[in-house]
Amino acid sequence: MIAIKKMENAISWILLLGIFCSASMVLVGGILYLMQYGGENARTILSPSAALPTHLQDIWVSALSGSPSGIIELGIVLLVFTQIMRVGLLAWFYAWIKDFWFTGISLFILLALIYSFLYR
Amino acid sequence: MTIIAFSAGLAVFAFLAGLLGALTGLGGGVVIIPVLVLLFHVDIHYAMGASLISVMATSTGTTAAYLREGYTNLRIGMFLETGAVIGAFVGALLIAFVSQTFLTLIFSLVLLSSAYLTVKRKEEHEQYHQSHPWAMALKLDGTYPVKKQMHSYHVQHVPLALFIMTMAGLISGLLGIGSGTLKVLAMDQALRLPYKVATTTSNFMIGITAAVSAGIYFSKGYIDPTIAFPTMLGVLVGAFTGAKLLTHLRTRLLRIIFSMVLCFIALEMLYKVLSGEL
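The listed protein sequences correspond, in order, to chains A and B. Letter by letter, the first sequence follows residues 1 to 120 of the working numbering. Letter by letter, the second sequence follows residues 1 to 278 of the working numbering.
Just so you know, the hints here were simulated from the structure itself, not pulled from any lab data. All C-beta atoms in this analysis are idealised placements derived from N, C-alpha and C, irrespective of residue type, glycine included. Among the hints, erroneous ones may be present.
To be verified - On the chain B side, residues computed to face chain A include the following (Cβ under 7 angstroms):
| # | residue |
| --- | --- |
| 1 | Met-78 |
| 2 | Pro-133 |
| 3 | Ile-208 |
| 4 | Ile-216 |
| 5 | Phe-229 |
| 6 | Met-232 |
| 7 | Leu-236 |
Construct all of the structure, not just a fragment, from the sequences and the given hints.
Structure (structure tokens):
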């Protein structure tokens, strides 16, 4: 029981840390974006744009170059990564307490997540 | 309308979505998608991308709080999630063979009857002294706080819940919506969990389900950062506010709010079928 409580606390901390880092990045990117384009007509963003980076590497390069939308996208990638982390942590925990049914279940969900994340 | 006005307006609606999502276990897509499409005239694919962000942010923010308070049942969440994942993959394979109009019609009727069942259930009058054999084997039983005291509960009808979850995955794979509603229903109506355990465990699960779809939306370029940033920040503040409120709100009120949201979704879907939009 104590191990489970510790585990729940650990996941809670991972989630808080993940959401804090991700939201901070999105906030910084958002402020930079509004400073650059805030006064423009919103019609420009309401029509679908084709030039969004879709590969992790492009998002990384775009964020490092200081592009506001790149920084926001990196924050969102971090949000997705937080979901993968929590399932990974659960898989590790169930393996540690030798609950093999739930280790299998967690690994199955982890694989589905990684597959869809790398799916192109 | 300037971009600043658009962002501020969207953030306000996103706050409401996060608040509702945290209280109902639905994640907030039900508010975000109609607001973006009908009010701001955003393309439906980008609206669905923003909805996924909203679901992941609500799930992450609320689960951090609900885990500490002792509401979320991680074992039930992970167990049922397998059904949803299998259903979602099968749904993606079946997409060419199933009539979306027919499925939407059936699903909206299921939602209307579920709205009635949700309000009808009076969990305080129910007494279960034994758990389903699967629940005992998988150690699914748990405890949850009522007025700062932990109460235990016994989990019922596990195979039925797994079946509903597989259907939930299948439907969300085919229609792109609906997984949150059926998650809460599987836990409330089949497993007979206390309502707050059902909604908070659903909040834990929806982030994982949304992350499975988010990869695909990213690869197609449907996650627009300029729409996603006010959505995510607004939703997050709303979700944290909702998580604080949940402990103080009565289950009866939460059931009524959830049922009203179900009716709204069902009527929206029926309208789409009847107006020939599908």
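Is the shortest C-beta separation between Ile-216/B and chain A less than 7 angstroms?
Status holds, d = 6 angstroms.
Checking hints one by one. Is Met-78/B an interface residue toward chain A, by the C-beta closer than 7 angstroms rule?
holds (5 angstroms)
So, Phe-229/B near chain A? Judge it on the closest CB pair being under 7 angstroms.
holds (4 angstroms)
Under the criterion of a CB-CB separation shorter than 7 angstroms, is Leu-236/B in contact with chain A as hinted?
This hint holds: Leu-236/B lies near chain A, its Cβ roughly 6 angstroms from the closest one there, short of 7 angstroms.
Holds or violated: is the Cβ of Ile-208/B closer than 7 angstroms to a Cβ in chain A?
OK, holds: Ile-208/B within 7 angstroms of chain A, min 6 angstroms.
Against chain A, is Pro-133/B within 7 angstroms by beta-carbon distance?
violated (14 angstroms)
Classify the hint on Met-232/B as holds or violated, based on whether any CB of chain A lies nearer than 7 angstroms to its CB.
holds (5 angstroms)
Of the hints listed earlier, the one the structure fails to meet is number 2.
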